[in-house]
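Undergrad: These are the residues of each chain, in order.
There are 2 protein chains.
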Amino acid sequence: MNIQQSREVEEAIMAWTDVLEAERVVWDETSLFRYSRSTTPYTTRPCAVLRPESTSEVQTIVHIARKFKISVYPVSQGKNWGYSDACAPVSDMALIDMSRMSRIHEINPELGYVVIEPGVTQGQLVSAVQEKAPGYQVDCTGAGPDASVLGNALDRGFGHTAYGDHVRSTCGMEVVMADGALLKTGFGHFGNARAECVYPYGIGPMLDGLFSQSNLGIVTSMSLWLMPVPEAFRFFFIRCPDDNKLEALVDALRPLRMNGILNSAVHIGNDLRVISSTMQYPWERCNHKTPMPEAVRRELRNAHALGAWNVSGSLTGTLPQVNAAGKHLQHAVRGIGKVMFLNDRSLHWRKKAVHLINRFGIGMHWRRQLDVGVPNYELLKGIPTLMPLRGAFWRVRTPIPEIASGIPLPDPLDVGCGLIWLSPVLPIRGEDAGSILKLLTPILHGYGFDCLVTYTMLNERSMVAIINLSFDKNVPGESDAARLCYEKAMQQLVAHGYYPYRVGLGGMKHLVKSNDTFWQTAHRIKQALDPDNILMPGRYIPEDV
Amino acid sequence: MNIQQSREVEEAIMAWTDVLEAERVVWDETSLFRYSRSTTPYTTRPCAVLRPESTSEVQTIVHIARKFKISVYPVSQGKNWGYSDACAPVSDMALIDMSRMSRIHEINPELGYVVIEPGVTQGQLVSAVQEKAPGYQVDCTGAGPDASVLGNALDRGFGHTAYGDHVRSTCGMEVVMADGALLKTGFGHFGNARAECVYPYGIGPMLDGLFSQSNLGIVTSMSLWLMPVPEAFRFFFIRCPDDNKLEALVDALRPLRMNGILNSAVHIGNDLRVISSTMQYPWERCNHKTPMPEAVRRELRNAHALGAWNVSGSLTGTLPQVNAAGKHLQHAVRGIGKVMFLNDRSLHWRKKAVHLINRFGIGMHWRRQLDVGVPNYELLKGIPTLMPLRGAFWRVRTPIPEIASGIPLPDPLDVGCGLIWLSPVLPIRGEDAGSILKLLTPILHGYGFDCLVTYTMLNERSMVAIINLSFDKNVPGESDAARLCYEKAMQQLVAHGYYPYRVGLGGMKHLVKSNDTFWQTAHRIKQALDPDNILMPGRYIPEDV
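Taken in sequence, the protein lines are chains A and B.
To get the working numbering, take the position in the first sequence, counting from 1, and add 842.
To get the working numbering, take the position in the second sequence, counting from 1, and add 842.
In isolation and in its complexed conformation, chain A is listed as follows:
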């Protein structure tokens, strides 16, 4: 930042302080450092952090930003784990921390929707819905109870139930534009539309898509549909012992996902991915080497009663529907894996699990399998869990005793967790699932990483593979290795036609090529709506095309 720029920042901070309370405009070193941390190797530092409490304050912030030509970067809770956390694409933007805008404007138990602000967390929303609309459940992502619902939806994060595709359950947004004007999408802008929160398209062009994975406006409110609590719910867990049956497994499940027998976001994880959410890397047993020796991996797999591939999901509907679906599922995976069902309508899950174990006399093996199944079970019932986040601690050398005991986990940023996600999208087809594995495993091994992977069937035809590069930021060289590995993996994925559903810093350069009408069009829209490039420059939409 040169002197002229510094002066503009100072003036802008004075102007912001005039309209917000002083404590809601911070730019001390400690605060700026906190916001600059990331689990990824890519970090940037803001010039100030602003904490609005209302949409009109956001409008004012944007007006001032425009006046002083300071770019702003909004974050909801800043918990964009593995995708750059609260870090803006470049340093010296003013961060708008929206966590104080945490009002739930409406919970509608008749039509099953909520209207929420960016600061509303998964945990907060679940509590509110349980109290005010107990016939519904929230679709939670694996980002934990403190993550923002709205922020995650705008980055197209996904959950695990039939409402797992949040783009499909979003119905209208309120957006602060770069000129400070307030846009309402769908029917919302008419002011009196009865169907505002239940019909997503409005009349005329649909603008909602412009505000996810982009930088065209700051979303300050969103309406989101809730899933009716199903009459019957059955959790299933399929254990596939054979490493080589991934392709057969995927092809066996596709028809069931396609015809709706499976209507949740079916999850297929390999042994290491599941294990990484229950323990840290066994450094001693591996003689401090990575990737993990095959023998240790086999031992761990057996000790955790896991398959090479492990499928979880839920069957929901009426009781006869669920019973029938269960039979279909068992039939479909015959010869590939064994299906275990779990059910819980009133008791706390653990009680029920113990009860089942006693009742059916199943042994320690199954009990361990239940343990690793619990968090997915909870997600499928709309309860946020920190379990998936535990994988962030996998390769940290410092022992984290909370991993075994459960929550509360420490903040991954406080203990130097390193984490980057690779998240290529593929058709639900065994061949593609296998290709990605064959492509990535040698690259990851080359940089000392194991391949920890899940495939999540997001809709009837496509799934997202999530591979976590977990590392220890406290160990010199690990960040670099992770970065190089990430770059190489992205390059190869893209070359083979597997594009990510979402990226953090460092991802976009693999996705932009010159003379692509798509990016040129997005860029033209950006110029038209934000000529001064005030809002989140560099976020998804490239600046030069």
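None of these hints come from the bench; they were simulated from the model.
Please note that a few of the clues may not be correct.
Identical copies carry no separate label here, and so any pair may be met within one copy or between two of them.
[Stated by the list, open to error] No more than 30 Å apart at the CA atoms, straight line, and that leaves these computed lysine-lysine pairs for DSS-like:
id : residue 1 : residue 2
1  : K1355     : K909
2  : K1223     : K1169
3  : K1131     : K1087
4  : K1131     : K1330
5  : K1087     : K1330
6  : K1180     : K1087
7  : K1330     : K1355
8  : K1355     : K1280
9  : K1169     : K1180
Remember, it's a predicted structure, so these values are computed and weren't measured experimentally.
Please arrange chain B on chain A, whose structure you already have, making use of the hints.
TA: Just chain B now, with coordinates in the frame of chain A:
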């Protein structure tokens, strides 16, 4: 058109003729007249009609249009019945008739999708899918076998099965932009993306929404998901005798639609709406008066074995699922209506119907009810039907014998059919269904129209009410009455918060108010992408905001 404009049109026509064959550029009086006809009272006349056969020809057409500053207006098959047919918002645009672009680029039986051009009709697609991917069915709208699939989807027309919301089953488009560049949305622009036709969002902003109900580009190809033919299919028909039970009926069905027991686009029609698709207005019995005397209406209702309200839809899934859903449905509407089920897996429906009639000994009453049910039954099985279009002939004085005998119907434009749709969106809530009826009935009666209405549950929370203003364009004064009635009805609907899902000419003026950030934003995007206003000026996005 002044002399200068005429000269530019002539020069453009010469340039277009140079690149297309002469017979694919027409501007003779007869042709222009044919394209200027509409069932609505609002008509405009093109200055020429161009018939490209490929995307690159569309690009060339746009280049020339831009050079000579002639606006163009694409139509797919021009069968936008009741929403202005092939008419552009204003006269003297060059019409691009895309009906010769009727290639089906791909039918994928593994992942269940097709990639189609604008000229592909419902009938053509159904035949192709039956042949090449017999495990799938097409979701058809009521616009008949000759209507374009792509054109209808861009206007957010809806079908009747679980895939009835075509926005949700569209996955990627190819679009000719105003500068002639070719845009591919979703992952399509990367060229090699494996998930191009199965994951709709791509990475970065979603641009697809910009091209439905708008004028920002000419869509030349679209990928569309197909519905797997369900293992079990059961058609249901609910007859509600009581006029006053609409609200109770809607409230009874909402929870079933919400929790997925009903997963097709449930259809609720009043007696007159159903009757209008089987006969013309009984002028003699009504002493040539409108609206219809209550006594005649009662007679007709009884003669057709109809309820005041008539629900149709399908239950699909596995056989036990369908059986269970059927019981739920019967229980839910107890005391409101009587449920009749129909099933057909291999036989032609009519054979089956007769068989059922014989088998169960049900009488003439039920046989008539079957007759009115057939077309919806066919739609729910993915077979396009002309039945809904028969309502267009309702008020035409000339007898149309084909109404009773079935297809082929004459072209509604050849016999002077008058038709405008009102199509307000409302939450699935009895109160709202009742409000719309109370609001519209006196207005329609005041202009001599009956209230012919259906409510279609488009998603789990909202439905669209479709009211047809049917009239005879050959009778002086009827067009004016329809226009005045339409304007008044639109005004009142909007004032009460019921906004249309779609409009033809004459509709937009009720939806645009000044200083609305939504329209201003759409307008800004329009200016950025089409600064010369070459593409469809006035279509949905207003020119002055």
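Undergrad: Each hint should be assessed against the structure and marked as holding or not.
TA: A quick look at each hint next to the structure:
no.: 1; hint: K1355 with K909; result: between (33 Å within a copy, 29 Å between copies)
no.: 2; hint: K1223 with K1169; result: both (21 Å within a copy, 26 Å between copies)
no.: 3; hint: K1131 with K1087; result: within (28 Å within a copy, 73 Å between copies)
no.: 4; hint: K1131 with K1330; result: within (22 Å within a copy, 78 Å between copies)
no.: 5; hint: K1087 with K1330; result: within (27 Å within a copy, 65 Å between copies)
no.: 6; hint: K1180 with K1087; result: within (13 Å within a copy, 50 Å between copies)
no.: 7; hint: K1330 with K1355; result: within (17 Å within a copy, 52 Å between copies)
no.: 8; hint: K1355 with K1280; result: within (26 Å within a copy, 57 Å between copies)
no.: 9; hint: K1169 with K1180; result: within (12 Å within a copy, 32 Å between copies)
Violated hints for the displayed structure: none, as all numbered hints are satisfied.
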